[in-house]
Amino acid sequence: MTDPRPWPLDVPGLAYGGDYNPEQWSRQTQLEDVKLMKEAGVNLLSVGIFSWSMLEPREGVYTFAWLDEVLDRLHEAGIRVALATATASPPPWLTRSHPEILPRKPDGTVLHQGARQSCAVASPLFRRYALTMARRVAERYADHPALALWHIDNELGCHVPHDYSDAAAAAFRVWLARRYGTVDALNAAWGTAFWSQRYDSFDEVLPPLQAPTFVNPSQQLDFFRFSSDELLAHYRALRDTVREVTPHVPTTTNFMMSSATKWMDYHSWAPEMDLVANDHYLIGSDPHAHVELAYSADVSRGVAGGHPWMLMEHSTSAVNWQVRNRAKRPGEMLRNSLAHVARGADSVMFFQWRQSAAGAERYHSSMLPHAGRDTEVFRDTLELGRRLRALAPVRGSVVRAEVAIVLDYPAWWASGIEAHPSDALDYQEEMQRWYRALWERGVTVDVVSLHSDLSRYRTLVVPTLYSVSDADAQRIADAATGGASVLITFFSGIVDEHDRVRLGGYPGAFRELLGVRSEEFHPLQEHEILTLDDGTGADLWSEKIHCEGAETVRAWADGPLAGSPAVTRRRVGDGAAWYVATRPERSGVDAIVGALLAEADVSPEVPGLPPGVEAVRRHADDGSGFLFVINHTGASVEVPVRGHELLHDHEIQGRLTVAPWDTAVVREH
Amino acid sequence: MTDPRPWPLDVPGLAYGGDYNPEQWSRQTQLEDVKLMKEAGVNLLSVGIFSWSMLEPREGVYTFAWLDEVLDRLHEAGIRVALATATASPPPWLTRSHPEILPRKPDGTVLHQGARQSCAVASPLFRRYALTMARRVAERYADHPALALWHIDNELGCHVPHDYSDAAAAAFRVWLARRYGTVDALNAAWGTAFWSQRYDSFDEVLPPLQAPTFVNPSQQLDFFRFSSDELLAHYRALRDTVREVTPHVPTTTNFMMSSATKWMDYHSWAPEMDLVANDHYLIGSDPHAHVELAYSADVSRGVAGGHPWMLMEHSTSAVNWQVRNRAKRPGEMLRNSLAHVARGADSVMFFQWRQSAAGAERYHSSMLPHAGRDTEVFRDTLELGRRLRALAPVRGSVVRAEVAIVLDYPAWWASGIEAHPSDALDYQEEMQRWYRALWERGVTVDVVSLHSDLSRYRTLVVPTLYSVSDADAQRIADAATGGASVLITFFSGIVDEHDRVRLGGYPGAFRELLGVRSEEFHPLQEHEILTLDDGTGADLWSEKIHCEGAETVRAWADGPLAGSPAVTRRRVGDGAAWYVATRPERSGVDAIVGALLAEADVSPEVPGLPPGVEAVRRHADDGSGFLFVINHTGASVEVPVRGHELLHDHEIQGRLTVAPWDTAVVREH
Amino acid sequence: MTDPRPWPLDVPGLAYGGDYNPEQWSRQTQLEDVKLMKEAGVNLLSVGIFSWSMLEPREGVYTFAWLDEVLDRLHEAGIRVALATATASPPPWLTRSHPEILPRKPDGTVLHQGARQSCAVASPLFRRYALTMARRVAERYADHPALALWHIDNELGCHVPHDYSDAAAAAFRVWLARRYGTVDALNAAWGTAFWSQRYDSFDEVLPPLQAPTFVNPSQQLDFFRFSSDELLAHYRALRDTVREVTPHVPTTTNFMMSSATKWMDYHSWAPEMDLVANDHYLIGSDPHAHVELAYSADVSRGVAGGHPWMLMEHSTSAVNWQVRNRAKRPGEMLRNSLAHVARGADSVMFFQWRQSAAGAERYHSSMLPHAGRDTEVFRDTLELGRRLRALAPVRGSVVRAEVAIVLDYPAWWASGIEAHPSDALDYQEEMQRWYRALWERGVTVDVVSLHSDLSRYRTLVVPTLYSVSDADAQRIADAATGGASVLITFFSGIVDEHDRVRLGGYPGAFRELLGVRSEEFHPLQEHEILTLDDGTGADLWSEKIHCEGAETVRAWADGPLAGSPAVTRRRVGDGAAWYVATRPERSGVDAIVGALLAEADVSPEVPGLPPGVEAVRRHADDGSGFLFVINHTGASVEVPVRGHELLHDHEIQGRLTVAPWDTAVVREH
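Order-wise, the sequence lines are chains S, H and Y.
Just so we're aligned, residue 0 is where the first sequence starts under numbering that gives the first Met the number 0, counting upward by one.
Just so we're aligned, residue 0 is where the second sequence starts under numbering that gives the first Met the number 0, counting upward by one.
Just so we're aligned, residue 0 is where the third sequence starts under numbering that gives the first Met the number 0, counting upward by one.
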């Protein structure tokens, strides 16, 4: 564990609740809310996220009375509050009087008020207004007994991860000057000798605005870095403001860790949080959405340094922002919730408590739906509360994995910049391909950053780590030398952290470790599938490789590279370094993963489970384990385990039966 | 009939003609025009629509002489004129000297001069120029004997239904202040407590400009209402101007009623017209384009309150604005023309008389094509003139229907706003599905607004009436209580007129009438098809329904809702209320329509006709009927009828034979 | 040959080399460059293209020393230089201090610095800066012995063929005033009587900016003409500047002639060049990319008036700007290079010498790849050098063809403007369809402009010459009268040079020549395929034709036009005029081409070759021929020929064997 901070949230057991927006409802409805929350066992709510325009209805005029009443009422009901800074969306009076704080797209389009997040976080003027609001909230509620946690802003970067306004441009130049010191250093890093782009001073530099063709890729990559840093800077400024008023209250903001959220480098954000919180939503059209959920939960745990983390938002059923918003199947919400807990969440929270009647999110499901109490959704809200109370002992326990998969946000960004050998390459598609093969084998996986302790793992999977610094490449090599089986996939190690190609043969940074030299990429065309010498297919990518120390594991059976290596392996110190220079079909990936795990002697969490049954263990400080078994199938399953099943409160004498679509949690003896 | 106005157009028989743009042609060609028009029997022309830059070549300088000559020549030939206000497109000098009158898109893009309609109708400055032009034309031709009708502007809203310019924003705020009185009322209606959108004054409100994500849906809906109202306000201002000069001359403008034109609420526009006129164009790629034509004609009649209406524009053959502009098949133009007449049109007019040699519409077919007289198109122009003269007795007769289908423009707008349970839902697709089933059964249908007299019908079909006021929902319920069989389809009655969800269970406004309670929507994924218990398939939509007074007509046979209701029926007073909570395939829709009509004892206009043969009756004041039979098939058809066939002028003794692809009209005895 | 200029390039034999960007590399790497260049036989390099920001790092400050050193070193190595004016992309300091020189899109979007070509060539201010830079370079290196050619700017119009900035608008108005003299003439040409577009003065005219709907097509066409002319004007201004300093040095710029580059009328540009140079890149996803290469080379030769031309850029392997950048197969680069030479190129050059480590083009292949010397790519660089030295005798020889296909840029532009009968029509798709049928038959083809000597050919193919002047139509008719078999395809001759329709029946300008009259277009729908009376299929287009002098070659077998003509032929003087009024499938095109060639007695360059084997002859002044045989197949091929094979330096006694995928060049006795 890289970060030994204790769990700072003072809520008993596992936290349960969601976003609560009482300003949308009458007093009578608010009274009913509290009654139903208590019935459901809710103990934590996020309050005030979008309240700016209600708390400061015009500049400098504050109306806190309604919120006083809400917090008092919740406190009285024993419910604690993650109180927001109320800054997540500026009020109309602010953007109307100061349109210069609106964000802009690369083509100059202004993003106006009317939705949310219509603000340039880099604008000093906007930041001044936001800090004032945050300070007012902090001062008002510094001593309120309901206050358990500061919810700083909200989903920072969700809709405007990149702002191209003049304010952002100015901040970018400051950031660059700090990063590079001299403009010559920037010119060298960005390769501005190309296309007559040499800058004579930092003042000449722009964000990657719309241009006649491909903008300098190093400039783009730095702008992506800056944008993530600038959002974090906004977090820090808000956090410091409230911390000054309430040094005793922990702070966080809700991340959006998933296979889809790309632009915030949460690995660099996490150290600024008192705890890590995540919002996660299923993609309804994905038949394997529960695998993506597991991945996202594992990312969250990795970002949290292995510690427990908060599930700050998910949905009871359908969301509102996909094209066809699938309602969850019977039991699906319960399985989703417990899958997060199984992978380290010590809270289960939702957007939102009561489904809105108006506004853009009124078709997003909630704990209490439009149709009211007499609904399956609300009955499941009650059942989930019951289950989480039964799982209180789980709090604080941790997950342990022998396998890690490396996630690197800057590599994700860099690999997606255009004018690459194949723009069809998708970083997350590669990540998910390897993660899913491990999930299907029942192997518990940590999804880790390059800066975590890689030496702890028997197996390390490194999908498409396009950009990597020398130091980080060395850390991966050290893991192999130290005994791990390291698997690296194509288009890794190609460039340094400035997106400058490593010369002399691909895959630059890993050429020596892998014992291969590739002289040229041969991306495949759409629908082009070639065959490997074990008969499996592969698409998207091939390259002209020479083994220089490695052995060939798979060679091409056809295509222009027939006979030359496609998958290689090199013994390194006590470990091994594998290279997969193409994208094998699912069975091919599975076979490689099988060989890799066998070599490293890694077993599933529970051997012998049928496909679709997920098993993960959390380990308590006292050495006991909590085995979560989640049955994603329509058949009941038998699991060999001894202990006390917590959800149904009965002893298991060696054989646990989990009903179709159900979940069990056994505290093992 | 909701509107007892007499037919104000003083043209004998049925009007026949089209747009006439003599300014594009030499004097010699204009002389030939009149000769050929007389040969074809043309008796009405729309003149001057795009003449502003020719009539006022620079600010304040007027050149009417050429138009004087044209009108005199037409009058001399006995051709009457629908004279335009010449305001349909501002002249270049105007937009060049006043670019502030140009319209804008939500992202701020200015729509420049170079095409047509490059003007913000909400701009007071533009309106002043336009009214001046209209007044000049009116004053010039007030007493011209050719003047039969004022053609106010042209196709208002065709290309710029929504303008986001500053002028539009200012007018929107005025409109909102008038609608809501106080900004608190607006805040309540729009639910601005959500996402920190509370407005402190009307001055803060913007049109739904481009924003970081989904703009407030109630704001969008009101902007759509405003935009329709503002176009109508422009009409009214122009109309009042010419009416002041020529109080005796009727006024109208050409609507574009079809399954595609969405943004003008013609139901609210019609009362401002002295007669209702429509422009209709086939979609060449649609193999059932003649059904869509029938629908559009029925919409026109509904908008005209059941009265005869003008077909102001359609095409002799191909248009120019589709991707692949299909030429009409032999006889198709004649069938199209008479189908409009069959459904209430008392005129058949075209865009345009002579095909242009230049400009963006030069590949739009005309009465007289590029290739000249010796063409099938011109021969059909002559033949149509002959047929319309034979149909003169039809003038003034009306269509009668026992079935109505409800069309509501605001519900169309509201149902299409994003972030809904399924953005794949398309209002017109639902509308066309039910309309077509009725068309195929040969049943005459009125397409009516919610404000027409719904009590007149035996059967009322209400597709996806997403938004509805309490009062309008009550009118539908009253129709059922009064004895009608009312069929309502999914996602109806969900929100009120402000797009605020009706709480307590779906489908809010119709829950009691239908005797069902739905607790959750279950939209289906793309290509997902579930099965009903009669074996038919259904896609797009399902929902979790409980019968509370209704009986189950169809239940789900598979899927997560297997066994629960999909189609229900409840006896209500003397009638019945059906609910279709999914989108059945064609055969499923047909079976439901069959049961509905049988229950209501509704018959086809002519029972027993083969598929593809269309029969509609117009009824004269004297009780006689005109039976139109349009044969859309390649086989001749026998129709049992007695009377005088008008097109071929012969007596029918009980059995009319209609040749393949031909049309017959029998004045029944 | 229309242009008898001698080859002005003072480089011995065939020129060999590429773009050289030493500013991206260390001194040590530059020294290695020269060593490897000499090894490869490089004798010409393009230098300084993107050096502006390195040569003038801030306004008025010049740093030529590094370039002095480069040129001296190259001269010392015997390598000559095509020296650029360094103006291809403005330096950041210039666009930052003068943002008004940035180009704009039709919707007003500014195209910023960050890529390349972010400048409005019509801006007088920008041009002043560019001319100053060019003059400085010219003065500095006027007498440098390495200087062989001026490379004016670079790929003019590549990314910004059309600029809609205010500077461009002003220049457009000047251009129009020069073209039309009076605004009345413009109004007549553009048909501004339509849609109220009459201009009262040139000051009112805009570029075709974004408008509510289709902008006036004649306005668009003139703007396309202006844009091409304005880029050429920029070339001329730069050329005149350097020519003033170095009257003895030839000048050119690199065109981008291919099936994809549409917006520069290179036929009108060529007379301003001292020699014609081309950049050509394969489309990796096209399995027939070598046919497109042949076409592009033939276009280059046509633009060069039949003279030898320079291949200024192509690629050794993959490019970087396609979605999936295919690497070349073994031998493919050699075949590509010699195919260009076979069709008239007297140089083979690449982008670029050494593959960049940074910048947007770092994944574009080069003569010396990232992986260095020990690569197939560099070995082929050496082999190509060897082969080009062996081909030195080819220099100056020319290709002779009996068949020509007409390419007309303005017709390409005009045919692609929207609101046509079928927007699915694609000019180059038609061009390639007919070109490919000729290529597959082994027939050598000239691709010529309308202004070349058409009387030289036995067969003339004119695909979709939508717009044509009277004079040019007459030249085509004269070719037929003079004995040629002329084939014209649908949608030809429809409009004059102003895009005004020729009235009286299609295909206007060619109606008399072809002896047909078409009264109406019948474009086909997507996926609609009709059948001709020989059983072959045809899609996209049909039209209602009457033979008026022509005979029917193919009639429609089905569809609404069944029985009427689809392909016709008319005897004209000593020749014939064919009309193909649809788009036949490949076999149908081939059959028509077969009949056409048989009629004109045209034979392949080498009869009897198997499919995929390309044979072209270059003819020397002394009467001897060089037969190039390029084997695009995996089987070896025998070719009946006598002479000396140059690449492998051996005598051929009547039967040349060309190995699979290889090339041979025989100097025939």
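Misleading hints may appear alongside valid ones.
Stated by the list, open to error - Within a straight-line C-alpha distance of at most 27 Å, the following computed DSS-like cross-link-like pairs (lysine-lysine) qualify:
no.	chain 1	residue 1	chain 2	residue 2
1	Y	LYS37	S	LYS104
2	H	LYS104	H	LYS261
3	S	LYS104	S	LYS261
4	S	LYS104	H	LYS104
5	Y	LYS104	Y	LYS261
6	Y	LYS104	H	LYS104
Hints were generated in silico from the structure; no laboratory data involved.
Could you tell me which of the hints above the structure violates, numbers in ascending order? Of the numbered hints given earlier, the structure breaks just one, which is hint 1.
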